[in-house]
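Trainee: Sequences are here, hints too, so could you generate the full structure?
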Amino acid sequence: MRKEIPLLITFLAGAFFIADYFIPHTGFSSWAETLNGWTIIVIAFAYVLGVANVARVNLDYIQRKGKDTPYKIILLVCLLFMMMVGIIWGIGEHTVFDWFFINIYSPMQAMMFALLAFYIASAAFRAFRIRSVQASLLAITAVLVMIGRVPIGEAIWKDFSNFSEWIMNVPQLAGKRAILIGAALGAISTGLKVLVGLERTHLGQD
Amino acid sequence: MQIRRLLLCWFTASLVLIATLAAIAQEQAPAESGTTIDTRWFDFNRVNILVALIVVFFLIIYFIEKAKRGRDLFVRRIAGLDAIEEAVGRATEMGKPILYVPGIDDMNNIQTVASMIILGNVARTVAQYDIPLIVPLRLPFVLPVAEEAVRQGYMSAGRPEAFNKDNVRYISDEQFAYAAGINGIMLREKPAANLFLGSFFAESLVLAETGFSTGAIQVAGTANIHQLPFFFVACDYTLIGEELFAASAYLSREPKLLGALKGSDWAKSIILAILGVGTILVSLHVEWFRNWFLVE
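Chains as they are written, first to last, in this note's numbering: chain A, 1 to 206; chain B, 1 to 296.
Hints may contain errors.
[Stated by the list, open to error] Here are a few chain B residues that face chain A, going by a calculated C-beta distance under 7 Å: (1) Trp41; (2) Asn45; (3) Arg46; (4) Pro140; (5) Ala180; (6) Glu242; (7) Lys268; (8) Glu287.
I should point out that these hints are in silico values taken from the structure, not numbers from a laboratory. Glycine included, each C-beta is placed from N, C-alpha and C at the ideal position.
Mentor: Put into structure tokens, the structure is as follows:
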């Protein structure tokens, strides 16, 4: 029964939400909204598990006195500090929590995001190295699209931007849609396998 | 076994029932201005989707039944999935861990579900070689599922004692804090192999490039097509879209799962045929066929 009951719940919940897509009845939709509300509550409780996991993993490491112990201590202190600040003064605008979030966390996040520019440059360098016929085609196409999207492209040939758009809207989009169709069918197939219990890995041990 | 068959029949029957009930008891609500109450029990604008869904489901069920009868089903070679075994072997030789990143979406994303299924298979392989499998997570709701998947993998390999709960780690639900945390793991613990399988967004290149700089063998897979180019350039192998969903059948070689795979392949063939017919008819200015497939 340890697997049958979760399987039944999975199936009923899945079938209910598939039905919700086809049934616009207000009463039915309100049940779906209620169920979604339950999901949010369950997810909120999962954060307790998350915090417990962070605490356990890092406290174990500190006890073993590994070389990264100072960082682990900082992590746990920051976690506790932000939790306390949020509980005591709230998390709304112009609170201490908000100040720390905007002035410490946001710049760090922006820094991580900014790193992408450098990563894109190094990745593009590798991608555009002409080593094979396919890589050559990729490099040539990329150059054509890039030229078509800057003013010099139109200076060279007035229809360059249209040509660049054609590459994006016809061959590129066709390939993209082919991947999307395959992925959508794969998603349906996986969903069905989970709903009817053919896939049980996620349910854990017997 | 009987329960599964019962569920299968129930599921298909419920879909057919919805369509039948809707046809019998269609209560089209008058579109009064200002009112938001809808009394319709079926949205007829979506009947084409329901029909397509039923066809796909029947194809999958048909091929599952066929596979169960012992028919041999051919599945083409997927280099990215073969590489997972290679990656595990390499990690064993080097005595270094394997990093498995299941993406940044929650369990309500089917890619994360697929990733958890692959994680179970990877854990089973890893358990046989006694190397650590590190699984950093972005969302706490995925944590118990990932723990169970890994534990189940170790148990299937007959080595439950080798499972280390501390290797399934919740990092942060903030996207770039999570990416930074994984980068830290890559740079400090130097995994021999990085597996990025699931739903990824802007952090994909940050992770894949950092992994590349550490010299790890990298296998990625996602159905988020906007991130595929980044994985192509930074990873050794990339699973494209549907290959991610095919992974569990491919790795386990279980006939029922292979049957489901075959079913979706046939559905794809039908879509291709429809696309071909549609292209010809639209080119001849015949619109009715195309209109069948419009979704409002």
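Trainee: Would you mind marking each hint as holding or not holding in the structure?
Mentor: Each hint tested on the structure:
1. Trp41: Where the cut-off is 7 Å and the nearest Cβ of chain A is about 5 Å from B:Trp41, the hint holds.
2. Asn45: violated, 9 Å
3. Arg46: holds, 6 Å
4. Pro140: Given a least distance of 3 Å, the restraint on B:Pro140 holds.
5. Ala180: holds, 6 Å
6. Glu242: Interface hint status for B:Glu242: holds (4 Å vs cutoff 7 Å).
7. Lys268: holds, 6 Å
8. Glu287: violated, 20 Å
The structure shown violates the earlier hints numbered 2, 8.
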